[in-house]
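Between the sequences and the hints, there should be enough to build the whole structure, so can you do that?
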Amino acid sequence: MVAHVTMYSTAVCPYCVMAERLLKAKGVAEIEKVRVDLDPAVREAMMQKTGRRTVPQIYIGETHVGGFDDLSALDRAGKLDALLNPT
Numbered sequence: 001m002v003a004h005v006t007m008y009s010t011a012v013c014p015y016c017v018m019a020e021r022l023l024k025a026k027g028v029a030e031i032e033k034v035r036v037d038l039d040p041a042v043r044e045a046m047m048q049k050t051g052r053r054t055v056p057q058i059y060i061g062e063t064h065v066g067g068f069d070d071l072s073a074l075d076r077a078g079k080l081d082a083l084l085n086p087t
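The sequence shown begins at 1 in full-length UniProt numbering and counts up one residue at a time.
It is possible that some hints are incorrect.
Distance condition first, Cα-Cα at most 25 Å in a straight line; then the derived DSS-like pairs of lysine-lysine [what the hints assert, rightly or not]: (1) K24 with K79; (2) K49 with K33; (3) K33 with K79.
Just the calculated beta-carbon pair ranges, DEER-fashion [as the list claims (entries may be wrong)]: (4) K49 with D69: 13 to 21 Å; (5) T87 with L38: 35 to 43 Å; (6) G27 with A73: 16 to 24 Å; (7) A77 with M47: 24 to 32 Å; (8) S72 with E44: 23 to 31 Å; (9) H64 with V17: 17 to 25 Å; (10) T87 with D39: 32 to 40 Å; (11) R76 with E30: 19 to 27 Å; (12) A82 with E44: 31 to 39 Å.
Hints were generated in silico from the structure; no laboratory data involved.
A virtual CB, placed ideally from N, CA and C, is assigned to each residue, including glycine.
What follows is the structure, given as structure tokens:
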């Protein structure tokens, strides 16, 4: 079973698109997207939760992965599959 993935994003965000593409290539069929550009309160909540202001901010299960660069680094290090498919 693939872990639940939540991604804070905006409508125009190339890094969000790249993150989604990588996750789908890893077998993630559904990504819960939280649009922070539609409501300033949602962006504020994301910043409080993550300590960051940029998108994407990605959670796999309860684990805050970070942005696309962090996600990509996890994949290159061989650690992304274990997060996505917990035993």
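Results of checking the hints against the structure:
1. Simply put, K24 and K79 have alpha-carbon atoms about 16 Å apart, close enough for the 25 Å limit, and the pair holds.
2. Simply put, K49 and K33 have alpha-carbon atoms about 15 Å apart, close enough for the 25 Å limit, and the pair holds.
3. The hinted pair formed by K33 and K79 meets the criterion: a straight-line CA distance of about 23 Å does not exceed 25 Å.
4. The hint said 13 to 21 Å for the Cβ distance between K49 and D69, and at roughly 19 Å that hint holds.
5. The supplied range of 35 to 43 Å is met by T87 and L38, whose beta-carbon atoms lie about 37 Å from each other.
6. A hinted range of 16 to 24 Å holds for the C-beta pair G27 and A73, which are about 19 Å apart.
7. Distance hint check for A77 and M47: the Cβ-Cβ separation is about 27 Å, which falls inside the suggested range of 24 to 32 Å.
8. Taking the beta carbon of each, S72 and E44 are about 27 Å apart, inside 23 to 31 Å as hinted.
9. For H64 and V17, the hinted distance range of 17 to 25 Å is satisfied, since their beta carbons lie about 20 Å from each other.
10. Look at T87 against D39: about 37 Å separates their beta carbons, and that is inside 32 to 40 Å.
11. Checked against the given bound of 19 to 27 Å, the beta carbons of R76 and E30, roughly 24 Å apart, stay inside it.
12. The beta-carbon spacing between A82 and E44, approximately 32 Å, falls within the hinted interval of 31 to 39 Å.
Checked against the numbered hints given earlier, the structure satisfies every one of them.
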